[in-house]
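Undergrad: Listed below are the residues making up each chain.
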Amino acid sequence: MNRHQGNADRGQPVSGGPAASGRRNFLAEFAAMVCGGLAFLAPVGAGVWMFLDPLRRRGAAAAFLPVTELSGIPDDGVPRQFPVVADRVDAWTGFAAEPIGAVYLCRQKGSQTVEALSATCPHAGCFVEIDKAEKCFRCPCHNSRFTIDGGIVAPSPSPRAMDGLECQVGKNGAVAVKWQNFYTGIAEKVARP
Amino acid sequence: MSTSHPDKPKPGLLGQLADFFDDRTGYRALVHEALYERVPGGARWRYVWGSTLVFAFLTQVITGLVLWSSYSASAQTAWESVYYIQHEMTGGWLLRGIHHVMAQAMVVLLALHLMQVVIDGAYRAPREVNFWLGLVLMMLVLGMALTGYLLPWDQKGYWATRVATNLAGLVPLVGPSLQQLVVGGPDYGHHTLTRFFALHAGFLPATLVIMLVVHLSLFRKHGLHAKQPITKPDAMFWPDQVLKDAVAMLAVMAVVLGVILMPALRAMLDGRPIVPGELGAELGAPADPSQPYAAARPEWYFLFLFQFLKVFEGWGATGEFFGAIVVPGLTMAVMFLMPILGRWNLGHRFNVAFTLAILGGAGLLTALALNEDYCARWIDPATFADVRELHEKTEGDPAKIAAALGNDPGKIADFKKRHRKWDAYRHSQAFLDAAVQAKVDAERSIELAGRPEKIPPAGALELVRNDALSQGPKLFAQHCASCHAHVDPAAAGASALLAKASAANLFEFGKAAWMRGLLDPKQVAGPAYFGNTAHKEGDMVNFVTNDLTDRDTWKPADIEAVIAAMAAEAGFADTQAPPDLIEKGRTLIADGERCGGCHKFGDNDMELGSAPDITGWGSKEWLVGILTDPTHERFYGDSNDRMPSFGKADEGAMPLLTSQQIGLIADWLRGEWYRPAAAAH
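Residue numbers (the working numbering), protein chains in the order written: chain A, 1 to 193; chain B, 194 to 874.
It is worth saying that the hints were derived from the structure and are not from the lab. Every clue listed holds true.
Here are the simulated lysine to any residue pairs, SDA-like style, with alpha carbons at most 25 Å apart:
no.	chain 1	residue 1	chain 2	residue 2
1	B	LYS715	B	LEU690
2	B	LYS503	A	ASP131
3	A	LYS189	B	TRP508
4	B	LYS667	B	PHE624
5	B	LYS503	A	VAL153
6	B	LYS704	B	PRO772
7	B	LYS604	A	ALA133
Computed from a predicted model, the values in this text were never measured in an experiment.
Whole structure, please, built from the sequences with the hints as guidance.
TA: Okay, structure coming up:
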């Protein structure tokens, strides 16, 4: 052990030593913590700053999107599923005319107006399917059931009825739906920003 | 420690080197400390669980790092790179299989380790902190399992993760922000993958390593918590306990490899070829936000949580919050309190009972979930035939059902009970059907990705969306099947389907067999052709039943020639047919005294408007034309019966189908889609 002594064994007095004043010790400790803290502040701060970026991202503003023509929806009171197509941006990729979701459209006998329901389950966001035999809607994930006009069938895991969407029928028969996403799992229908 | 001990001979070169490093690092003492830990009461099998967990984690690190070197986290490359690992890279299936199965083994080992620690009371002072660290480690492992599920970006992982992240949104106050941070924006995409990957391979394992180091050093500091009573003499960790640990690790690895290779063994015994890409972890169809996935289920060890949400049926939003946040949160809180509760004997008993109840409850919920999904496999639907009949007859109207049952309360209650069971059966059947469809979609995606042209830069989803075999049936079901059938007339149950249809059966449209049926007087006015349409008593039916049966003008050989020529128009010419048959048929069709009396064909004298132009009948171009606009004078003009003009729209309006979708339907009807070379031979 004679040739490879550690620093602590060198026998030189530690700077200040036990005689140093408490105030000087405090200052050194404080300065060490401030300097060290500041040095780490930059990477941690920059990291958190960038990590929180998604919070300021917003989805596309709710807008009326053309979905189909009135003649494409048989007037038999049975909802039919239609894809909602729109331009979509995923971070750095831009998609032109991509299916971004689906709606159920329903027209009563002889009616010129259309009822629209979002196909997204208000429970946990799965894709609600139509059950032709039972004439109802059914979610394949947690068995939420809805009546054919989107009302809740008790008992249901879903806290609310299916989300209705605003629907316009243009003069030329074009059917447009105001496409929106809503928060799932809560009793109120609240649109996502 | 000293190199110059007077009694010892001078060590060899290797010894000198070892001495050199030991002098400077003191590694011998470290190794000694690591290996020569005293095991009170000797080595025992019950102490191996912790070591197998460390082994499992190291396996995940090794396989994970190599997977990382071939994985690419983005919405257009994640599925594609995992496909490449699984199906094209040498040994990729094995590596990914080990990573996938070991993750599941780790969850099982965690449960065993936890159970053993609680039952043995090993959380008691002074080991409380280490118990808490263990719980944190458990949550980290579960977090890695959850984040790993998404990374292949297939339908299964995508939809399961949507549910999981939507539940995160229920956390009070910060829920929506938390969800948006995890998802990486308002919608699922690139940043969901990059974030999940950073969590899965960076944040979580780094935290885990730090926690594990502290966990292990605390374990060493306190020593092994020996199971009382001690009957045998103490032993050393090395080699006695290490041997048992190593045997246990080997057993875990053997089980993992067994799970991966079992299907290969089965294939071998059945004499089927072994496809390595199908072993180990499965890969579903690429994630498609617009395509529902009814078979969405979490990994089996999270099934109990999935099922737990159903327990709160009817509770509304409170139930959701309760099932997803409150109960799991309280359970974890109780577990963190265990070392405190365990100070009293009664508390310890409570802890043991609580742990067993949680594990038992989880097991029960898992069994319930599996039963709900798979019960159709062992329930005979015939037992519900009467329930189904009554339900259909009364259209589910409770008043009508009660009347049909003679308003007998006993019978009504029994009907309701059995109706619920029938409902459960149908639910399960829907899940099983969805699972089969998911498998078909997955296999097709993999087949498409394996084309010699490879995957386009826009990703595998584009391949699937442009695939007639994948999209044709869906588009047909949505837009055509409300009138048209598409069923092999020889198949079982075909006649019922044909009777329901209100337009022609389009199965093998364009082929000689279809044309032969049309020109058959017995069939032309039947349900497979014009029977259920406005043309039931039209000119064509009249022609086939009257003119075509006149054997003086139409010899059977003439009709066969017309059939051959029409199939040739569609591009399905019989290559075995005599060369002049098709020519003969063409002449007959164009003849103004025969088909050409109504139909335009090639450059015959017929004007457009009286009947569809049958030049190129059944070809893709012809099909696209009639799907786009059957009211065009080239097709049915004013006499079009109900068929929508799918590709035509007024100024400013949107057509029902895009030209790409119409092309897909045409290709599908014609049976034209990519087939791998091996299958084509």
